[in-house]
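Here the protein sequences line up with chains A and B, keeping their order. All letters in the first sequence, in the order written, are residues 1 to 149 by our numbering. All letters in the second sequence, in the order written, are residues 1 to 426 by our numbering.
FYI, nobody ran anything at the bench for these hints, they're computed from the structure. On a predicted model such as this, the values are computed, not experimentally measured, just so you know. We put the CB at the ideal spot given by N, CA and C, even for glycine. Heads up, some of the hints might be wrong.
[To be verified] Computed Cβ-Cβ distance ranges for the label pairs, DEER-style:
no.: 1; chain 1: B; residue 1: Arg-182; chain 2: A; residue 2: Arg-25; range: 42 to 50 Å
no.: 2; chain 1: B; residue 1: Ala-68; chain 2: A; residue 2: Arg-97; range: 56 to 64 Å
no.: 3; chain 1: B; residue 1: Gly-358; chain 2: A; residue 2: Thr-9; range: 21 to 29 Å
no.: 4; chain 1: B; residue 1: Glu-203; chain 2: A; residue 2: Asp-17; range: 45 to 53 Å
no.: 5; chain 1: A; residue 1: Thr-41; chain 2: B; residue 2: Ile-24; range: 18 to 26 Å
no.: 6; chain 1: A; residue 1: Ala-21; chain 2: B; residue 2: Ala-232; range: 50 to 58 Å
no.: 7; chain 1: A; residue 1: Gly-54; chain 2: B; residue 2: Gly-358; range: 38 to 46 Å
[To be verified] If you only want the chain B side, here are some residues facing chain A, beta carbon under 10 Å, derived:
no.: 8; residue: Gly-31
no.: 9; residue: Gln-366
no.: 10; residue: Arg-371
The primary structure of each chain is shown beneath.
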Amino acid sequence: MTPSSDFATLYQELILDHAGAGEGRGETTGFQPQSHQVNPTCGDEITLGVRLIGDRIDEVRWHGHGCAISQASASLLTGLVAGSSIAEARELLARFREVMRSRGTLELDEATFGDAVALNGVSRYVARVKCAMLAWVALEDALDHAPDA
Amino acid sequence: MPSEIETVALSEADVAAIRADFPILAERVNGHRLVYLDSAATAQKPEAVLDAEREFLIRRHAAVHRGAHTLAAEATEEFEDARAAVADFIGARADETVWTTNATAAINLIAYSLSNASSSAEFGRLALGPGDEIVTTEREHHANLIPWQQLAQRTGATLRHLPVDDDGALLLDELDGVVGERTRVLAFAHVSNVTGTLAPVSELVARARAVGALVVLDACQAVPQLPFDVRALDVDFAVFSGHKLYGPGGIGVLYGRRELLEAMPPFLTGGSMITTVTMERAEFLPPPQRFEAGTQPVSQVVGLAAAVRYLRGIGMDRVAGHGRGLGERMASGLAEIPGVRVIGNGERVGLVAFDLRGVHAHDVGQFLDDRGIAVRVGHHCAQPLHRRLGLTASVRASAAVHTTDCEVDAFLAAVADAAEFFERMR
Ligand SMILES: Cc1ncc(COP(=O)(O)O)c(C=O)c1O
Numbered sequence: 001m002t003p004s005s006d007f008a009t010l011y012q013e014l015i016l017d018h019a020g021a022g023e024g025r026g027e028t029t030g031f032q033p034q035s036h037q038v039n040p041t042c043g044d045e046i047t048l049g050v051r052l053i054g055d056r057i058d059e060v061r062w063h064g065h066g067c068a069i070s071q072a073s074a075s076l077l078t079g080l081v082a083g084s085s086i087a088e089a090r091e092l093l094a095r096f097r098e099v100m101r102s103r104g105t106l107e108l109d110e111a112t113f114g115d116a117v118a119l120n121g122v123s124r125y126v127a128r129v130k131c132a133m134l135a136w137v138a139l140e141d142a143l144d145h146a147p148d149a
Numbered sequence: 001m002p003s004e005i006e007t008v009a010l011s012e013a014d015v016a017a018i019r020a021d022f023p024i025l026a027e028r029v030n031g032h033r034l035v036y037l038d039s040a041a042t043a044q045k046p047e048a049v050l051d052a053e054r055e056f057l058i059r060r061h062a063a064v065h066r067g068a069h070t071l072a073a074e075a076t077e078e079f080e081d082a083r084a085a086v087a088d089f090i091g092a093r094a095d096e097t098v099w100t101t102n103a104t105a106a107i108n109l110i111a112y113s114l115s116n117a118s119s120s121a122e123f124g125r126l127a128l129g130p131g132d133e134i135v136t137t138e139r140e141h142h143a144n145l146i147p148w149q150q151l152a153q154r155t156g157a158t159l160r161h162l163p164v165d166d167d168g169a170l171l172l173d174e175l176d177g178v179v180g181e182r183t184r185v186l187a188f189a190h191v192s193n194v195t196g197t198l199a200p201v202s203e204l205v206a207r208a209r210a211v212g213a214l215v216v217l218d219a220c221q222a223v224p225q226l227p228f229d230v231r232a233l234d235v236d237f238a239v240f241s242g243h244k245l246y247g248p249g250g251i252g253v254l255y256g257r258r259e260l261l262e263a264m265p266p267f268l269t270g271g272s273m274i275t276t277v278t279m280e281r282a283e284f285l286p287p288p289q290r291f292e293a294g295t296q297p298v299s300q301v302v303g304l305a306a307a308v309r310y311l312r313g314i315g316m317d318r319v320a321g322h323g324r325g326l327g328e329r330m331a332s333g334l335a336e337i338p339g340v341r342v343i344g345n346g347e348r349v350g351l352v353a354f355d356l357r358g359v360h361a362h363d364v365g366q367f368l369d370d371r372g373i374a375v376r377v378g379h380h381c382a383q384p385l386h387r388r389l390g391l392t393a394s395v396r397a398s399a400a401v402h403t404t405d406c407e408v409d410a411f412l413a414a415v416a417d418a419a420e421f422f423e424r425m426r
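Just chain A, with the same shape it has in the complex:
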């Protein structure tokens, strides 16, 4: 029995690869600001730290445990926001949230989001949106605690 096309989109290879490889996964000591987020329905958690140079995100590191969607999302976020300003990261975040909550009616555009468009399939699965959002919520919270925020 082959999976449905929605399922195949949700768990496309890029997602599984990112979930496995986990770009940015590692110790966050020394990364400030930091945020720890928990998804209360499943107990999944992430600690995400940002290294800022001025108002630019130099590097993101995270560790935690969660499903393939949450791990892939953290991995894709890491590559995406590195080098962007706090303001740009916030814009990405707002758009990402809007698309994830759209119940399949909006899509991330490739020019802005690159490989992270692989997460487009999540928005059809209302129960999984929180998984995809976990790292992003941690990033948002961390940035809220940035020195000049």
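Take the given structure of chain A and dock chain B with the ligand to it, following the hints.
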């Protein structure tokens, strides 16, 4: 030679007939016939329950124990008949059977009543305070843990717990050390909602009796799956939720030994639980009304009585045999899938939780859902147990009277396929 299970289990024809009673089983999910393996979270409702509620609401609905018009009198009679039916189903007396919203509300009722007793002259016999101990176990549902944590905080009593082993079984060797002269309450689940295995109820009750502690039995997963008798179990309190027993939501049961209920102060106060009220004070009704403040959920009570009649019609020995057979089929089938760790072993009901190494429970659950198979993923409101087992989440499949061997096999095949699909992540 037929095994014990076969002699009391349901035949294929029986199950086919039962399935026709559950309209939801005709639903299709993601292009597949629904395979509902989440009955431990909440059970689906047979037509008999839906009809009983609807019939009542259409023809006889009224507030009970208030007013004197014909409908009110009839509704009150039906409400009390339902209490007698549910009480009889669990081997209790009607005046020992209190309606609550669900099991969570029932446990909170006990816990708050005990803390109210701790600040009351009239009900001081059940008072708790510093030096007293409340004991629960490491494998409880949060509903049977947090109310005790809070009670301990309010009263200054100490909360202790009976630990579990690597399989999630209660460590009986530790029982005498944990439950002792200071223990006032011992609260535990009859059947774990994670392992699906039975607690050694008689050993635990015997120890509680020896030290004079009250026994609170969380029977949420037991009452739908096993013949259940509060007298045979010799517990002081037992709680369960109607919605897991094929009944409506919003109705649960607290059983309490009569003399204990009589010695307990109310938790919620207000209308319907009093005799004489002045501006300064009130006299309380005896149990069960003392614990049933406010307008009661009558149609839910009527629905729950219908659920109990429905199960009686099948026979709880056969329900239990069916569940046990399905539980074994699921557990042994899962154990053969490479990478699967079945949580818990020993006598189980139709409920099994497992971990697929390297793959998150959510991902397994999504794979199953894609085939219309509904299972529970997460910590199942039992974080301490999962932590003890080295897990954050697991996948739980729980069967019902309407579950077939075929459905279990479809579930097992889907788990095997999920293991293969997510291979690269492991
Ligand atoms: C063992 C156990 N105890 C308590 C509960 C709480 O039941 P409810 O949420 O219906 O109050 C549940 C189910 O959620 C359970 O499985």
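Cut-off 10 Å, beta-carbon criterion: hint that Gln-366 of chain B touches chain A: Nearest chain A Cβ about 7 Å off; hint holds.
For the restraint on Arg-371 of chain B, tell me whether the closest CB of chain A is nearer than 10 Å. 7 Å, holds
Does Gly-31 of chain B meet its interface restraint, that is, does its C-beta lie within less than 10 Å of any C-beta in chain A? Where the cut-off is 10 Å and the nearest Cβ of chain A is about 7 Å from Gly-31 of chain B, the hint holds.
Quick check: does the Cβ-Cβ distance between Gly-358 of chain B and Thr-9 of chain A fall within 21 to 29 Å? 22 Å, holds
Honestly, do Ala-21 of chain A and Ala-232 of chain B meet the 50 to 58 Å range at C-beta? 57 Å, holds
Could you see if the CB distance from Thr-41 of chain A to Ile-24 of chain B stays within 18 to 26 Å? 23 Å, holds
Is the distance from the Cβ of Arg-182 of chain B to the Cβ of Arg-25 of chain A consistent with 42 to 50 Å? Between Arg-182 of chain B and Arg-25 of chain A, where Cβ atoms are some 47 Å apart, the hint holds.
Could one say that the CB atoms of Ala-68 of chain B and Arg-97 of chain A fall in the range 56 to 64 Å? 57 Å, holds
Gly-54 of chain A and Gly-358 of chain B, beta-carbon distance inside 38 to 46 Å? Holds: the Cβ-Cβ distance is about 40 Å, inside 38 to 46 Å.
Assessment of proposed distance window 45 to 53 Å (beta carbons of Glu-203 of chain B, Asp-17 of chain A): 51 Å, holds
Hint check: no violations occur; every hint is consistent with the structure.
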